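**Q** Sequence:
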Amino acid sequence: MTLLQARNLRYRRQKTVILDDISLSFHQGELTALLGINGAGKSTLLRLLLGLMPPDEGNIFLQNKPLKAISRKTIARHIAYVPQEHKAIFPYTVEEVVSLGRLPYIAFGQNLSLSDKQAVRQALDYLNIASLSARPYTELSGGERQSVLLARALAQGAPILVLDEPETGLDFGQQLRLAVLLQKLADEGYCIVATTHDPLRARQIFSRAILLQQGRIIADGAPKSVLTRSAIEALYNIDENIALSWESVE
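First residue of the sequence shown? That's 1 in the working numbering, and the numbers climb one at a time after it.
Pairwise CB distance ranges (calculated):
1. R135 <-> Q214: 37 to 45 Å
2. T16 <-> Y92: 34 to 42 Å
3. Q214 <-> P66: 21 to 29 Å
Computed list of lysine to aspartate or glutamate pairs in EDC-like fashion (alpha-carbon distance at most 16 Å, straight line):
4. K184 <-> D125
5. K184 <-> E30
6. K15 <-> E57
7. K68 <-> D56
8. K15 <-> D56
9. K87 <-> E144
10. K68 <-> E57
11. K224 <-> D198
12. K117 <-> E95
13. K87 <-> E139
14. K117 <-> E96
15. K87 <-> D164
Quick caveat, the hints were computed from the structure, so don't treat them as lab data.
In this text the structure is predicted, and so the values were computed from the model without any measurement.
In this text, a Cβ means the ideal position worked out from N, Cα and C, and glycines have one as well.
Required output: the full structure, derived from the provided sequences and hints.
**A** Here is the structure:
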């Protein structure tokens with residue numbers, strides 16, 4: 001089932017083309033990796049899909065409805081965003097940060113309902129971080145913060161999860177746990193879109209890989225079919241011998 005669709009997107013920054021003729025569909029239960037060098041347009045594409053800024057041309061559809069005609073609160077009930085980094089200004093507790101995921105469901109100044117509190121508790125339990133509930137978010141490690149932001153996204157109750165380089169700042173063990181979690185969520189029906197700089201991890205974990213180069217899609221499909229030696233050479237402008245060595249790693 002198609003949950004999110006982009007048709008013929010173009011985006012320019014002054015006279016520079018950032019995205020050019022992007023058409024994509026994202027589906028329930030799909031785990032999609034967006035790959036490309038810095039400046040390829042990955043983060044810009046995420047911002048467009050989130051409705052944070054409009055494209056210069058083209059349209060985005062959320063469950064067949066034009067995204068530009070949908071309120072921010074309604075979009076937030078369908079798409080949750082996990083940023084690469086989040087710096088809290090105030091010393092919120094972990095539970096308070098996760099509770100922010102319920103904002104799309106409550107009126108300004110309204111307290112959390114029993115169902116909101118239950119959603120927060122379930123998200124904390126799902127990520128195995130209930131023991132951190134009373135800890136200040138600012139005192140957590142990078143891996144713990146990532147878990148809190150994922151819990152906030154799950155508490156939001158949105159079927160689409162958008163993640164910007166979620167493995168940034170995580171050690172090897174934390175990256176493995178994140179990979180297992182993302183696969184589990186996709187198996188449960190979530191539509192997940194994540195940017196990454198790691199083609200090897202994309203081949204091992206994701207069900208789909210989209211390669212962006214200079215604002216255009218150069219490949220889209222099953223990671224082991226898309227992330228070939230020639231594609232890696234072209235995408236990252238690396239030496240053939242390096243690409244050959246990479247291809248031998250499974």
